[in-house]
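**Q** Chains R and D, in that order, give the protein sequences.
Anchor point for the first sequence: position 156 equals 156 in our numbering, and the numbering is continuous, going up by one each time.
Anchor point for the second sequence: position 90 equals 350 in our numbering, and the numbering is continuous, going up by one each time.
Quick caveat, the hints were computed from the structure, so don't treat them as lab data.
A few of these clues could be false.
Lysine to aspartate or glutamate pairs mimicking EDC-like chemistry, simulated, CA-CA at most 16 Å apart [claimed, not checked]:
(1) R:LYS158 / R:ASP125
(2) R:LYS66 / D:ASP297
(3) R:LYS151 / R:GLU181
(4) D:LYS286 / R:ASP236
(5) D:LYS318 / R:ASP125
(6) D:LYS352 / D:ASP297
(7) D:LYS292 / R:GLU181
(8) D:LYS293 / R:ASP211
(9) D:LYS286 / R:ASP238
(10) R:LYS222 / R:GLU181
(11) R:LYS29 / R:ASP99
(12) R:LYS250 / D:ASP274
(13) D:LYS318 / R:ASP99
(14) D:LYS318 / R:ASP218
(15) D:LYS286 / R:ASP259
(16) D:LYS318 / R:ASP211
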Amino acid sequence: MRTIPTWALPLLLASALAAQQRPPQPTPKSPAAAERYAALKAEQKKLNDEWMTKAKAVMAEVEAAKKAGKPTPAMPMRPDTSALGKQALAAAKEATDGDDAVPFLVMAIGADRAGASDALSLLGDKYADHPGTAQIGSLIGFLPRLVGDDKAPAIAEKFAKSKNADVRGWAMFAKHEKTVETAGRDTDAYQGAKSELIKAAELASSADLKDRIREAIDTREKFGAGNVAPDIEGADLDGVAFKLSDYRGKVVFLDFWGDW
Amino acid sequence: MYPHERSLVDEMKDKPFALIGVNSDKDIARAKKAVADNQLNWRSFHAGPDGTRGPIPKAWAIQGWPTIVVLDGEGVIHYRGHDGDAATGVAKALVGKLAGGGKDGGK
Chain R
1 MRTIPTWALP
11 LLLASALAAQ
21 QRPPQPTPKS
31 PAAAERYAAL
41 KAEQKKLNDE
51 WMTKAKAVMA
61 EVEAAKKAGK
71 PTPAMPMRPD
81 TSALGKQALA
91 AAKEATDGDD
101 AVPFLVMAIG
111 ADRAGASDAL
121 SLLGDKYADH
131 PGTAQIGSLI
141 GFLPRLVGDD
151 KAPAIAEKFA
161 KSKNADVRGW
171 AMFAKHEKTV
181 ETAGRDTDAY
191 QGAKSELIKA
201 AELASSADLK
211 DRIREAIDTR
221 EKFGAGNVAP
231 DIEGADLDGV
241 AFKLSDYRGK
251 VVFLDFWGDW
Chain D
261 MYPHERSLVD
271 EMKDKPFALI
281 GVNSDKDIAR
291 AKKAVADNQL
301 NWRSFHAGPD
311 GTRGPIPKAW
321 AIQGWPTIVV
331 LDGEGVIHYR
341 GHDGDAATGV
351 AKALVGKLAG
361 GGKDGGK
């Protein structure tokens, strides 16, 4: 049986919960497609809910076993939703327009890792201009891993030429992220990438994309080596107020951590 | 990560060095439990009830956890990234420079 390590479970649970809290995704417009979509969604939710219930129970067992010094039980695998993904892909292929097809494709990409390549190719070939395609925008940077090095550039190119500013913006972000992270700040490569990204952020309507672009540039320009760090005024875990600048004169190892 | 940080704090106890956390758990009780269970020996800001989306991680444009930022005595950034060993190396070199000026050998 395949298992996942104990430490990864809280993270998986958190991401599953976060996925549920995201704003609802657009659904197909035609009644028949909408009905089919709703059925698949319900099935997906059922599988996820069952898994989360099981995982939470096992997490409690793990805590108990740790305290008792006993071996910890294995974690349940995430549910296999690949069959659902295949059905979603089939539905997308039958759909006659983007309004019906794109929601199925977005679902297929999330549900079936093996079929994601086909779904992404279809999105690039036929629906790069559809606004719904922006929902998978943050995946464009991972195309080589998802569809293979051979197919990735052609698909990325289609997204880069999209008529939709968010899809185009995500493609631009995928193209320039590395440059903003690593190129010398006084090089033409860096300055060019930065100005293209700023323009993309202005044209985009996706708050997520705007944030990602701002964070990438800030990370480099405000927080790269050589910059003076901003102060932090806050309170410690006991509620006692203190400031980062209280530690001037000392080397500070500032650690953003969490126990999850 | 905890054991590495704990021993770093111990090792640098008498030196011009501070390990400061920004705890990004939503629930402060969880953070306190982690401190107690793992005997964490450093002081942390709490990022607030929004956790990783709280004001401090947001202002610092933090996108991954853990992220470590190493500052010198003047608050200038010398390292930012996710590699604890690299950050430790940078911090120790800076402490060496700071302490080296006043040289009285130590132990």
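**Q** Does each hint fit the structure? Answer for all of them.
**A** We went through each hint and held it up to the structure:
With a C-alpha separation of about 7 Å, the suggested pairing of LYS158 of chain R with ASP125 of chain R holds against the 16 Å cut-off. In summary, the hint linking LYS66 of chain R to ASP297 of chain D is supported, as the alpha carbons are separated by about 12 Å, within the 16 Å threshold. Using a Cα cut-off of 16 Å, the hinted pair LYS151 of chain R and GLU181 of chain R is violated, with the two alpha carbons roughly 25 Å apart. For the given pair, LYS286 of chain D sits about 14 Å from ASP236 of chain R by alpha-carbon distance, which is consistent with the 16 Å threshold.
For the suggested pair LYS318 of chain D and ASP125 of chain R, the alpha carbons sit about 37 Å apart, so the restraint of at most 16 Å is broken. Note on LYS352 of chain D and ASP297 of chain D: the hinted pairing is violated, with a Cα-Cα distance of about 27 Å set against a maximum of 16 Å. Distance check on the hinted pair: LYS292 of chain D and GLU181 of chain R sit about 34 Å apart at the alpha-carbon level, beyond 16 Å; violated. Pair hint LYS293 of chain D plus ASP211 of chain R does not hold up; C-alpha atoms about 32 Å apart against a cutoff of 16 Å.
In summary, the hint linking LYS286 of chain D to ASP238 of chain R is supported, as the alpha carbons are separated by about 15 Å, within the 16 Å threshold. Using a Cα cut-off of 16 Å, the hinted pair LYS222 of chain R and GLU181 of chain R holds, with the two alpha carbons roughly 12 Å apart. At roughly 6 Å between alpha-carbon atoms, LYS29 of chain R and ASP99 of chain R fall within 16 Å of each other, so this suggested pair holds. Only pairs whose Cα atoms come within 16 Å are accepted, and LYS250 of chain R paired with ASP274 of chain D is accepted, the gap being roughly 11 Å.
For the hint pairing LYS318 of chain D with ASP99 of chain R, the CA-to-CA distance comes to about 35 Å; that exceeds 16 Å, so the pair is violated. Note on LYS318 of chain D and ASP218 of chain R: the hinted pairing holds, with a Cα-Cα distance of about 11 Å set against a maximum of 16 Å. For the given pair, LYS286 of chain D sits about 10 Å from ASP259 of chain R by alpha-carbon distance, which is consistent with the 16 Å threshold. Of the pairs offered as hints, the one joining LYS318 of chain D and ASP211 of chain R holds, with about 10 Å between alpha carbons and a cut-off of 16 Å not exceeded.
Hint compliance for this structure: hints 3, 5, 6, 7, 8 and 13 are broken, all remaining hints hold.
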